[in-house]
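Chains as they are written, first to last, in this note's numbering: chain A, 1 to 297; chain B, 1001 to 1297.
Because the hints were derived from the structure by calculation, they are not lab data. Since the model is a prediction, treat every value here as computed from it, not as a measurement. Ideal placement from N, C-alpha and C gives every residue a C-beta, glycine not left out. Heads up, a few of these hints could be off.
Each computed BS3-like pair below joins lysine-lysine, with the alpha-carbon atoms no more than 30 Å apart [unchecked claim]:
#, chain 1, residue 1, chain 2, residue 2
1, A, K143, B, K1177
2, B, K1177, A, K104
3, B, K1143, A, K179
4, A, K143, B, K1179
5, B, K1086, B, K1228
6, A, K86, A, K179
7, B, K1104, A, K143
8, A, K179, A, K97
9, A, K143, B, K1143
10, A, K87, A, K228
11, B, K1143, B, K1177
12, B, K1143, A, K177
13, A, K104, A, K87
14, B, K1104, B, K1087
With beta-carbon atoms standing in for the labels, derived distance ranges [unchecked claim]:
#, chain 1, residue 1, chain 2, residue 2, range
15, B, W1180, A, H221, 49 to 57 Å
16, A, L227, B, L1090, 41 to 49 Å
17, B, P1109, A, N195, 30 to 38 Å
Protein chains: 2
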Amino acid sequence: GSTVSFGEKGQQKTEMKQTQPVAEGGDKEEKKEIASYWGVPPSRFTKEDGTEWKWNCFRIDLVLMVCSMKLKPWETYSADLSIDLKKHHLPATFLDKMAYWTVKALRLPTDLFFQRRYGCRAMMLETVAAVPGMVGGMLLHCKSLRRFEQSGGWIKTLLDEAENERMHLMTFMEVAKPKWYERALVITVQGVFLNAYFLGYIISPKFAHRMVGYLEEEAIHSYTEFLKELDKGNIENVPAPSIAIDYWRLPPTATLRDVVLVVRADEAHHRDVNHFASDIHYQGRELKEAPAPIGYH
Amino acid sequence: GSTVSFGEKGQQKTEMKQTQPVAEGGDKEEKKEIASYWGVPPSRFTKEDGTEWKWNCFRIDLVLMVCSMKLKPWETYSADLSIDLKKHHLPATFLDKMAYWTVKALRLPTDLFFQRRYGCRAMMLETVAAVPGMVGGMLLHCKSLRRFEQSGGWIKTLLDEAENERMHLMTFMEVAKPKWYERALVITVQGVFLNAYFLGYIISPKFAHRMVGYLEEEAIHSYTEFLKELDKGNIENVPAPSIAIDYWRLPPTATLRDVVLVVRADEAHHRDVNHFASDIHYQGRELKEAPAPIGYH
Ligand SMILES: [Fe+2]
Ligand SMILES: [Fe+2]
Ligand SMILES: [Fe+2]
Ligand SMILES: [Fe+2]
C-alpha cells in the first residue's frame, strides 16, 4: 500500500547532491527513494549575497543531525549581545507578585537538586522554557481560526521562541549528557508544566506571559552564574558544539563560553517579549493590537 | 505596575518610520509607547537583492492588517503551479481505507450544507485544514523535548503548513463574508476536529497523516470546482484581496481566479507532504529519519 520503499536501493546518486554531506552511503539511496513518488526533494539554499549556503559542521556525529535539521540561512542569526541584561519588571499588582513568587519558589528545588552543575541545570531550564511559546502560539492560532482574524504576528513570534528554546536544549544536550534520573525528572516536570501553563494561559495570558518574563530573568541569572564557573575554571570551557556554531553563526573556534553568552542574550530577548506581551494585556488590549516583535533576537 | 502606557502620546514620531504606512495617527504614538521600555521595535526587511521590502497593498482596510502581520519577504513565495494535481494514494491497507472513507463521509454533509457556495465552503475547509499542522507540530515539539532529540525539520514543516492554511483562511475571509450560523458551524467543527485529531495523532500518526493527505485531495477537487464556477461566471471573478497579492507575490491585477489557482497548488503540496509522512510511518520509521520537506510550497 505504501508508495515508497526504504529498503530498495536507488541508482541515480547524482540527484541527491543536495543532501551532502551524508555520513552513510546507504542512507543516500533510501532518501532518494522516499522522495521519489511524492516529489518532496530537499531544497538548496542561498545566502543573502546569492552564494550557496554551506554547513560549518563536519563532525560525523553531527552531520546527519544538522543536515536533516536543515537550518535555512534566515533561521540562523548573530545574537545581539548588546542587550541590557539588567532590565527587571518590578512586580506591582497582585498578579505580578504571584508570577514573581511562583518563579522564585520553582527556583528553590532546582537550586537544591542541580547545585553548581550548570550544564544539567541549563538542560532542565530549556526543556521547561520550550513549552510556553508552543502553548501560547497554538492557543493564538486556534483563536485566530475561530475569530477569522489575524494575530498581529504573535503566533509566529511565540512559535519562534519555542524553536529558539528547543535549539538551546539541543545545544546543551551536546554539552551535558544527563543521567537517567535527571532525564526522568525533566520529563515529569515538562508534563506537569505543559498542562499547568496550558490552563494558565487560558485563564490569564496576562499572568502567563508575566511568569515567563520572570522565568527568563532567572535564566539570565543562571547563565551569568554559569559564566562565572567557566571563568573560575570549575567548568571546562570545551569547544562549542557544531550545531551551536551553525545556529548562531559563531566562528569555528568558538567555545562553550561563547555559546552561553549568546544563549543568555536570547533569554534577555525572551524576557522583553513576554513582559511586553503581559503589558499589552495589562492595558486591556489584545496582543494583535500591538505589532509582534518578529525576528527580535 | 505596567511599564508601558498606551494612553499617553509619545513625542518622537521619527523612530516609528518602520511601521509605515499606519492608517490612524493616534496609533503611531501608541505603538511607539509600547515598544519604549522593552525595546522590541518592529524590524525593517530587505529583499533578496538588498533593496527594501515594500507592501503591495495600500487599501486602508487592509493596511493595518498586513502591516501588523509583518510578512517577511521569505514568508511570502511564488506558488509552484506546475505541481501534479492528479496524484492519488490508492488506499490499500485497512487503515488507508478508513482514512479515505472518513474523509469521503465528511464531504457529504459539507456538500449538502454549502452546495455551490464555494467561497464559504473554502472558508470551512480552511478552518479545519489549519488544525492538523498545528497539532502535529506541537506533538512533535513535545516529543523532541522529552527525548532530547531533533525532529529532522518536521516540526517546522508542519507548523509552516498550519500557517499556510491560516493564510488561506484569511484570504477567503476577505472574499466570502460568512453568515452567523456558518460561523457557528465552523467553530463547532473546529472544536470537535481539534480534539479528534489530537487523539488520532497520538494513537496513530500513520492514520492521521494519511487522512490529511486525503483531505487535501478533496480540497484540490473542491478548488477545481470553484474554478469551474468562476469560469462559467456563476461566481464573480473579483480582484484578489491585497493580503493574497502580498503573500503569493501576485501581480497587482490578480483576480480571485489567480488566488484559487495558487491555493490549489498549496493543497497539492500539503497532499504530498502528508502522504509522504504517512509512508514513512508505514515503513516503521520515525519522521525524523527522513529529512522534512522544509520550504516545499
Ligand atoms: Fe533558553
Ligand atoms: Fe528563554
Ligand atoms: Fe488550504
Ligand atoms: Fe491544505
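Here is how each hint holds up against the structure:
{"no.": "1", "hint": "A:K143 to B:K1177", "in the structure": "18 Å, holds"}
{"no.": "2", "hint": "B:K1177 to A:K104", "in the structure": "49 Å, violated"}
{"no.": "3", "hint": "B:K1143 to A:K179", "in the structure": "19 Å, holds"}
{"no.": "4", "hint": "A:K143 to B:K1179", "in the structure": "19 Å, holds"}
{"no.": "5", "hint": "B:K1086 to B:K1228", "in the structure": "16 Å, holds"}
{"no.": "6", "hint": "A:K86 to A:K179", "in the structure": "33 Å, violated"}
{"no.": "7", "hint": "B:K1104 to A:K143", "in the structure": "28 Å, holds"}
{"no.": "8", "hint": "A:K179 to A:K97", "in the structure": "35 Å, violated"}
{"no.": "9", "hint": "A:K143 to B:K1143", "in the structure": "24 Å, holds"}
{"no.": "10", "hint": "A:K87 to A:K228", "in the structure": "20 Å, holds"}
{"no.": "11", "hint": "B:K1143 to B:K1177", "in the structure": "39 Å, violated"}
{"no.": "12", "hint": "B:K1143 to A:K177", "in the structure": "18 Å, holds"}
{"no.": "13", "hint": "A:K104 to A:K87", "in the structure": "17 Å, holds"}
{"no.": "14", "hint": "B:K1104 to B:K1087", "in the structure": "17 Å, holds"}
{"no.": "15", "hint": "B:W1180 to A:H221: 49 to 57 Å", "in the structure": "51 Å, holds"}
{"no.": "16", "hint": "A:L227 to B:L1090: 41 to 49 Å", "in the structure": "59 Å, violated"}
{"no.": "17", "hint": "B:P1109 to A:N195: 30 to 38 Å", "in the structure": "34 Å, holds"}
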